[in-house]
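**Student:** Going down the list, the sequences are from chains F and Y. In this text, residue positions in the first sequence follow my numbering: the first is 31, and each later residue adds one. In this text, residue positions in the second sequence follow my numbering: the first is 8, and each later residue adds one.
Possibly wrong hints are sitting among the right ones.
As the list claims (entries may be wrong) - Covered, in the sense of this in silico footprint (three residues per stretch, anywhere, with C-beta under 8 Å from a C-beta of chain F), are these stretches of chain Y:
1) 30-42
2) 45-54
3) 140-148
4) 234-245
5) 318-326
6) 364-377
Unchecked claim - Among chain Y residues calculated to face chain F with C-beta under 10 Å, some are:
7) Asn21
8) Glu24
9) Ala25
10) Val87
11) His88
12) Lys108
13) Val109
14) Pro357
15) Thr361
16) Val407
17) Leu408
18) Tyr414
19) Tyr440
20) Pro449
21) Ile458
22) Lys461
Derived by calculation from the structure, the hints in this document are not laboratory data. Glycine included, every Cβ here is placed at the ideal spot set by N, Cα and C.
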Amino acid sequence: MKIGLFIPCYVDQFYPQVAKATLTLLEQLGCTVDYPLNQTCCGQPMANSGYAHLAGGCDDNFIRNFAGYDYVVSPSGSCTLHIKQHLHGHNAATDNDASAIRGRVYELTEFITDVLKVESLPAKNQVHPHRVRPLRVGLHQSCHGQRGLHLSPMSELVGNQGVSKPARLLKMVNGVELVDLDRRDECCGFGGTFCVTEEAISAKMGKDRVADHLRHNVDVITGVDVSCLMHMQGILRRQESKVEVKHISELLVN
Amino acid sequence: MSNLSHAEAAAVFNKDEARVDWHDETLWFVRSKRDRAAQSIPEWEGLREAASQIKNHVLSNMHDLLTQFEQKAIANGIMVHWAADAAEHNAIIRQILADNKVNQLVKSKSMLTEECHLNEYLKEHGVDVIDSDLGERIVQMRGEAPSHIVLPAIHLKRGDVGDTFHKHLGTDAGATDPQYLTEAARQHLRDTFLTRKVALTGVNFAIAETGGFVVCTNEGNADMGVHLADVHIACMGFEKVIPRAEHLGVFLRLLARSATGQPITTFSSHFHKPRKGQQMHLVIVDNGRSRQLGRADFRNSLKCIRCAACFNTCPVYRRSGGHSYHTAIAGPIGSILAPNLDMRQNVDLPFASTLCGSCSNVCPVKIDIHEQLYKWRQVLMQEGHGPTAKTLAMKTMASVLESPRLYRMAGKVGRGVLRFAPVVAENGLNPWYTHREMPEPPAESFRDWYINNKQ
Ligand code: SF4
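Required output: the full structure, derived from the provided sequences and hints.
**Tutor:** And the structure:
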């Protein structure tokens with residue numbers, strides 16, 4: 031099984047620890063993982079701003095890097111969804127490759143659950159060997175992963191929607207206590223360029239989301255999208271809060 | 008309506024954080040009631056699918072259904088008028104009033120007349136209009152537009168209403184008791200009902216098979232108005248037509264539950280023909296709808312039954328207030344309808360969203376609202392409605408991100424690649440820093456680490 035690791039541009043530049051944790055976790059789960067060196071960005075920053083017509087170069091570069099892999103795996107629900115919905119080639123050959131990639135791209139927890147079908151984590155890992163009480167973890171449901179990739183049941187819909195993939199994995203970690211929130215799947219307000227073009231609303235949404243976690247005394251806020259986490263971390267740091275923000279791979283890795 | 012963009016108006020609204028919190032909580036309460044009502048119906052998702060399919064059928068058979076509806080309505084004794092746009096709609100109403108030598112009108116809730124700015128038009132022509140929906144009456148007294156299509160005065164606190172009634176109805180200064188205020192409004196409206204000869208209502212569903220139509224209200228004000236009036240005028244956008252009466256069993260179950268969490272609206276009034284001696288007029292309006300019907304990506308926005316569930320769930324709407332949307336229909340659905348009417352004027356609205364997708368999930372007729380927001384962004388920027396600076400920034404960013412070499416070069420300069428991304432451009436003017444910090448740039452990128460350690 032040939033796995034190509036897709037690390038979103040801002041994770042590569044600002045959160046290398048998340049990329050390392052993702053790579054290590056996949057290796058601990060027995061995968062052989064390639065990191066194609068000429069990858070850059072999925073093109074979502076342009077597309078969500080209304081400039082999808084400028085993202086063709088990113089598409090071509092993505093296809094050059096990831097054509098031929100059995101699976102493309104990424105620690106980002108949002109970038110994965112973008113590739114799944116919008117990656118296109120610009121001639122018959124590359125378009126074939128694009129369509130193959132669209133069918134084989136997975137967000138990390140989705141890949142671990144649906145493809146690897148992992149039932150327990152490698153060496154039952156302990157988040158912090160010296161902790162006396164469990165680590166209280168608040169799971170932020172990033173919208174694109176949740177409503178776009180259906181990683182977790184959605185509060186708006188009725189009927190059985192299966193289990194939450196990220197929550198199920200977190201429950202496998204010794205010493206983690208998953209905390210219930212008042213609004214379990216409200217958006218954090220990051221929204222790509224929305225975070226600057228609609229600064230007032232974006233910041234208010236972020237403050238409110240963070241407050242829900244703080245009300246429930248979390249030690250850590252985690253999630254499947256670093257962009258949402260970066261936004262919430264920015265707010266927590268401005269408030270000089272001690273609450274940590276970690277990508278889910280950092281909690282799942284041994 | 009203000010000239011501020013959504014972002015500017017929302018920033019003003021957010022100056023009073025306590026009010027924003029209250030607005031958000033109030034609407035979240037309505038959303039939660041909607042959730043409980045939906046959860047109580049095991050076949051909820053099936054109902055949504057049925058409603059969606061019926062509406063798809065309507066969109067594909069619009070001409071035939073409208074023709075059928077018109078024939079049946081005329082046979083029932085209803086006078087049918089067709090209006091190509093808002094101006095024609097308004098002129099038709101004015102003419103009906105003139106023909107009956109009346110210059111007073113009582114009106115129950117109709118978002119279409121808001122869309123056509125009927126009140127302003129009639130006022131200019133010397134007609135006195137009284138809105139009989141309590142929320143609409145409150146905003147009308149204040150000279151405001153409704154901020155929400157189901158709860159027009161939801162942006163106002165009890166104290167605001169008390170002040171308004173004190174000023175316009177002479178209630179005691181500082182009085183906020185809801186019972187007292189409602190009673191004052193009731194007395195005032197009763198007098199209106201008794202003296203108006205012409206009553207105007209909206210239409211929720213027009214039934215092609217019968218030529219009749221249904222109006223849903225919670226206050227009974229539509230009925231009160233038309234039963235006491237000699238002339239009933241009903242106004243509808245042409246997309247309100249549904250094929251058969253039995254389809255009401257789908258839509259009425261969905262509408263009230265989606266809107267307020269009630270099992271059914273308090274009054275679902277079925278009108279089929281004028282009573283003896285009464286005139287019944289029906290004005291069927293296009294006003295851009297046929298243009299929207301012709302846009303493959305956006306036509307299914309016309310499936311909307313105006314329940315406002317997408318407003319109540321929208322985290323942006325709840326924190327920006329309806330007036331920030333500077334259009335008669337606010338919220339997510341308004342943001343995909345408005346660019347059809349005027350792209351330049353409404354270019355900001357499809358961007359007033361994080362594309363979280365909650366709107367599409369609550370929509371009882373399954374409109375892909377957030378996907379249409381995304382598509383409108385593409386149309387608007389490609390048609391050149393983007394600010395030049397933004398277009399230039401995007402071009403620069405695209406040229407860096409599509410080239411591995413430029414991307415790495417930019418990254419070397421203190422993780423500067425994202426300087427090209429407006430999101431995190433590192434300068435004092437960047438709005439990111441108003442309420443947030445940026446992550447500390449790490450010593451090396453993941454790629455550098457990978458090359459040094461893994462290869
Ligand atoms: S778009 Fe859907 S959710 Fe929004 S008002 Fe219309 S029917 Fe209701």
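**Student:** Each of the hints needs a verdict: does it hold here or not?
**Tutor:** Hints and how they fare:
no., hint, result
1, 30-42, "holds (count 3)"
2, 45-54, "holds (count 6)"
3, 140-148, "violated (count 0)"
4, 234-245, "violated (count 0)"
5, 318-326, "holds (count 4)"
6, 364-377, "holds (count 5)"
7, Asn21, "4 Å, holds"
8, Glu24, "8 Å, holds"
9, Ala25, "12 Å, violated"
10, Val87, "38 Å, violated"
11, His88, "39 Å, violated"
12, Lys108, "50 Å, violated"
13, Val109, "45 Å, violated"
14, Pro357, "8 Å, holds"
15, Thr361, "3 Å, holds"
16, Val407, "8 Å, holds"
17, Leu408, "4 Å, holds"
18, Tyr414, "4 Å, holds"
19, Tyr440, "9 Å, holds"
20, Pro449, "5 Å, holds"
21, Ile458, "7 Å, holds"
22, Lys461, "7 Å, holds"
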